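Peer 1: Listed below are the residues making up each chain.
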Amino acid sequence: MKKELLKFLAFAVLVLAAPYALSGGYIMNVLVFVGINTMLAVALNLLLGYAGQISLGHAGFFGLGAYLSGILTTTAGWNPWLVMPLAAALVGVMAFVIGFPILKLKGHYLAMATLGLGIIIYIVFNETVDYTGGPSGLSGIPNLSAGSITFDSDVKNYYLIWSFTLAVCLFAINLANSRVGRALRAIHDSEVAARVVGVNARLLKVQIFALSAMISALAGSLYAHTMTFISPASFGFNFSIELLTMVVIGGLGSIYGSFLGAALLTLLPEFLRAAQDYDIVIYGGMLMVMVMFMPGGLVRGVPDLVRKLVKPRGGDRHA
Amino acid sequence: MQFDQILQYTLSGLSTGAIYALIGIGFSIIYNSTGIINFAQGEFVMLGGMLTLFFIGVLKLPIWAAMPCAVLVSALGGLLFERLAIRPLRQPTPINIVIITIGGRILIRGLAMLLWGKDTHSLPPFSGDDPIAIGGATILPQHLWILAITVVIIAANKFFFYHTISGKAMRACSYNSRAAGLVGIDVRRMVLFSFVISSAMGAVAGIIVAPLTMTAYDVGVMLGLKGFCAAIIGGMSSGVATVVGGLILGVLESLGAGLISSGYKDAIAFIILLLILFIRPQGLFGKAESERV
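Top to bottom, those sequences are chains X and L.
Mapping to my numbering: the first sequence position 167 is 167, numbers consecutive.
Mapping to my numbering: the second sequence position 120 is 439, numbers consecutive.
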């Protein structure tokens, strides 16, 4: 546990010091998105990596958070700080209610059902034009502000987003190392065995689903306030797949893996600007290659690979 | 509410439903022989339509030659997909298979986009587009083509699975693949067959629907999902139940779009999908099975 804490502190220091090493608004802007995507990937990882339950609809929860914040702070004029927890709670309750029937399903069926849910939410964003502005989006969402500071620049947003992201990471690490985390891993390995030893598997799966949705909604609210403009295109099926790719590439069941996956998938398109149409092909190929050759993700696969390369064939330890 | 209107929506719903049924049977064939839901299924539907266009437009083949070529190439695609992606999988857990077939889906779609661009194309109808009046409603000749070809394919499918040795072997694998292996059936080859057959069926669906709805690199997603929905309603059967599932879905969708709201047309299919999965995951006509541990 102490080692975990030290690892987290090192990570936090690196993150908070990054703006001093890197300069330029552009890279800061990209890193803000890395933060938001890390939060989302960690949320999905809690469900997929720890509890072993897939969701292809997380972009929907992300979008619900964004739209609730967007609509309530512009049209209704509510305080953004008040709306944020309210939105997360609403999305959490919704996920909790729908979680009972949906998490009864397993494997492929669960994947299809969550996918369907995500698409329904996406269609609602597009069709409720009076509230969401429909396909053309919702603009004029206020920046967050605290006292005399308004989070309207890239550097300020960087610190805002990353303080939330770090908090979510710390929370997830603690959860993973707690009794709940162990119970989740038990469900992952064998739900029946977990139930036999007294884990309330059904309730726990629904709770983690709701928690995961709440974190996604929180990320959505923050996204809305930093972007000040949202449209349904950001919350479609493709983004759910992108999130899945982040978690799988980074490594299932690893919080830092989620960060790696999120960072890679957010930075990659920035560097591949010239090849913008190819990015979707690259995602597809990466997903397949990772599952085939590195099912543990980068966090486990790369050290394994290095070990294999450093040691000659046959692994002669005496040499 | 006009009776003619309802008749019109029902008729056009039946022909889209037939398409969903074909795609759904493709899902079921693979599911029954492997327990895999192939998320890439819809992309073979897209390939059918796009390849036909490619053969007509670039290779200047006449349409009757372009269609079988497109089906063949799609079937080859299904074969490659099984050999290169599914079979080498070291840890074939459901989640890994979901992820790899999604990866395959994105890859196929992306390659199609790079090859053929993002434009929407239409295929000429097989025999003119003079509407035919039925009662107070009208349908296009293409609707009849769709229904006729679907019937033929389903009959051929039935014949294959019940009256040929390969078909019977595939059914044996779906009941119990270990026992099938013990009596000398090459289970891996049957799995390969199931991918080939279902990608060919998907391609046919993609070709016959293209003159009605246009085709583009990204049509596979929705068609695939709705085909899956049909298969779920039919309880993942590769026979009549899935056909009925497809027709029900097609008609409900068409009526919903016409009478309620066209914006929510796609949502109807997914709401039905969720309801069926929540209430009767074994399909409308199936009996509940208990889970084996």
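Calculated directly from the structure, the hints in this document are not laboratory data.
One should not assume that every hint holds.
[Stated by the list, open to error] Cross-link-like lysine to aspartate or glutamate pairs, in silico, DMTMM-like; alpha carbons within 20 Å at most:
no., chain 1, residue 1, chain 2, residue 2
1, L, K584, L, D537
2, X, K106, X, E191
3, X, K104, X, D189
4, L, K584, X, D130
5, X, K106, X, D189
6, L, K437, L, D448
7, L, K584, X, E127
8, X, K104, X, E191
9, L, K437, X, D279
Quantities reported herein were computed from a predicted structural model and do not represent experimental measurements.
Peer 1: Each hint should be assessed against the structure and marked as holding or not.
Peer 2: Going through the hints against the structure:
1. Our distance criterion of 20 Å between C-alpha atoms is met by L:K584 and L:D537, whose separation comes to about 18 Å.
2. Of the pairs offered as hints, the one joining X:K106 and X:E191 holds, with about 11 Å between alpha carbons and a cut-off of 20 Å not exceeded.
3. Taking the CA atoms of X:K104 and X:D189, the gap is about 16 Å. The hint holds against a cut of 20 Å.
4. Proposed proximity of L:K584 and X:D130 is supported: the alpha carbons are some 19 Å apart, at most 20 Å.
5. Restraint check for X:K106 and X:D189: the C-alpha separation of about 13 Å stays at or below 20 Å, so the hint holds.
6. The hinted pair formed by L:K437 and L:D448 fails the criterion: a straight-line CA distance of about 26 Å is larger than 20 Å.
7. Among the hinted pairs, L:K584 with X:E127 is consistent with the structure: their alpha-carbon atoms are about 11 Å apart, no more than 20 Å.
8. Distance restraint check for X:K104 and X:E191: the Cα-Cα separation of roughly 11 Å lies within the 20 Å cut-off, and the hinted pair is therefore satisfied.
9. The hinted pair formed by L:K437 and X:D279 meets the criterion: a straight-line CA distance of about 15 Å does not exceed 20 Å.
The structure does not agree with numbered hint 6 stated previously, though it agrees with all others.
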